[in-house]
Amino acid sequence: MPDQKSPPSEMIRVPVPLIGVVRRLSKLHRQGHTIALLQALEELLLRFDIKNDIDVTAGNKSVKQQEERLLKLESHLAALGSSVETKLEVITKKLELIERAIASGRLSHNTKPRRLAYPYQQTQVELQPRTNESLAQRLGVTAQGLVAERENKSVKEFLSWSRNRDPMSIAWEWKTSDGLYHPQR
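Here the numbering used here is used: the first residue of the sequence shown is 107, the next is one more, and so on.
These are computed hints drawn from the structure, not numbers from a lab. Here a beta-carbon is modelled for each residue, glycine too, at the ideal position from N, C-alpha and C. Some clues are possibly wrong.
[What the hints assert, rightly or not] Computed spacing ranges between beta-carbons, pair by pair:
#1 R119 <-> L194: 26 to 36 Å
#2 L203 <-> H182: 29 to 39 Å
#3 E205 <-> L124: 21 to 31 Å
#4 G211 <-> E173: 54 to 64 Å
#5 R175 <-> A146: 49 to 59 Å
#6 I125 <-> S283: 33 to 43 Å
#7 I197 <-> N258: 28 to 38 Å
#8 Q145 <-> L176: 51 to 61 Å
#9 Q172 <-> K199: 47 to 57 Å
#10 I125 <-> E149: 53 to 63 Å
#11 K178 <-> M274: 17 to 27 Å
[What the hints assert, rightly or not] Computed list of lysine to aspartate or glutamate pairs in EDC-like fashion (alpha-carbon distance at most 16 Å, straight line):
#12 K259 <-> D284
#13 K281 <-> E255
#14 K262 <-> D284
#15 K178 <-> E202
#16 K133 <-> E149
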């Protein structure tokens with residue numbers, strides 16, 4: 107008797123209201139209730155189909171109305187598509203002109219330095235010493251990983267390693283006197 111394995115799972119998109127139901131169905135499937143699950147789904151669909159008799163014949167008035175609306179929508183989208191393409195072509199041509207002007211140096215005649223958008227001076231934030239946990243989080247490692255790096259490297263190597271991992275390229279030095287890491291500029 108050949109093995110009756112189910113096919114491998116596939117990723118599918120599901121409408122948001124159905125996410126919980128699909129998760130529940132997936133859980134039942136993983137628990138081995140696949141056959142019972144499929145039978146229950148078939149029964150549910152049969153009951154649903156019996157209760158909802160929909161007339162979709164070609165002569166049905168609502169079907170004709172939907173077809174007309176669809177045709178109008180398609181023609182409208184086709185008109186919009188050509189309009190958008192034309193606008194994109196115009197923008198592309200203008201960008202090419204600007205690129206040529208920049209390359210030829212016509213737009214770079216202003217030699218005055220630009221002023222900053224904000225006239226006030228920004229104050230430098232002074233970094234405070236950090237614990238194992240807080241520095242580990244800043245450097246994107248675990249606290250145990252940070253301690254291991256500190257213990258396995260020389261002081262100079264650890265400074266370099268921490269500078270390379272820090273988002274602001276700041277080196278950190280371990281001080282045994284207070285058990286904290288101090289920033290080194």
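Going down the list of hints, with the structure as the test:
1. Evaluation of the 26 to 36 Å hint for R119 and L194 yields a pass: the beta carbon distance comes to about 29 Å.
2. A C-beta distance of roughly 32 Å is found between L203 and H182, which places it inside the suggested range of 29 to 39 Å.
3. Between E205 and L124, the C-beta spacing of about 49 Å breaks the proposed range 21 to 31 Å.
4. Separated by about 59 Å at the C-beta atoms, G211 and E173 satisfy the suggested range of 54 to 64 Å.
5. Between R175 and A146, the C-beta spacing of about 37 Å breaks the proposed range 49 to 59 Å.
6. In this structure, I125 and S283 break the distance hint of 33 to 43 Å, their C-beta atoms being roughly 54 Å apart.
7. Judged by the Cβ atoms, the range 28 to 38 Å given for I197 and N258 is violated: they are separated by roughly 56 Å.
8. Between Q145 and L176, the C-beta spacing of about 37 Å breaks the proposed range 51 to 61 Å.
9. Checked against the given bound of 47 to 57 Å, the beta carbons of Q172 and K199, roughly 41 Å apart, lie outside it.
10. Hint check: I125 to E149, Cβ distance near 23 Å, so the stated range 53 to 63 Å is violated.
11. The hint said 17 to 27 Å for the Cβ distance between K178 and M274, and at roughly 57 Å that hint is violated.
12. Taking the CA atoms of K259 and D284, the gap is about 20 Å. The hint is violated against a cut of 16 Å.
13. The straight-line distance between the Cα atoms of K281 and E255 is roughly 15 Å, inside the 16 Å bound, and the hint therefore holds.
14. The straight-line distance between the Cα atoms of K262 and D284 is roughly 20 Å, outside the 16 Å bound, and the hint therefore fails.
15. Distance restraint check for K178 and E202: the Cα-Cα separation of roughly 37 Å exceeds the 16 Å cut-off, and the hinted pair is therefore not satisfied.
16. For the suggested pair K133 and E149, the alpha carbons sit about 20 Å apart, so the restraint of at most 16 Å is broken.
The structure is inconsistent with the numbered hints 3, 5, 6, 7, 8, 9, 10, 11, 12, 14, 15, 16, although it conforms to all the rest.
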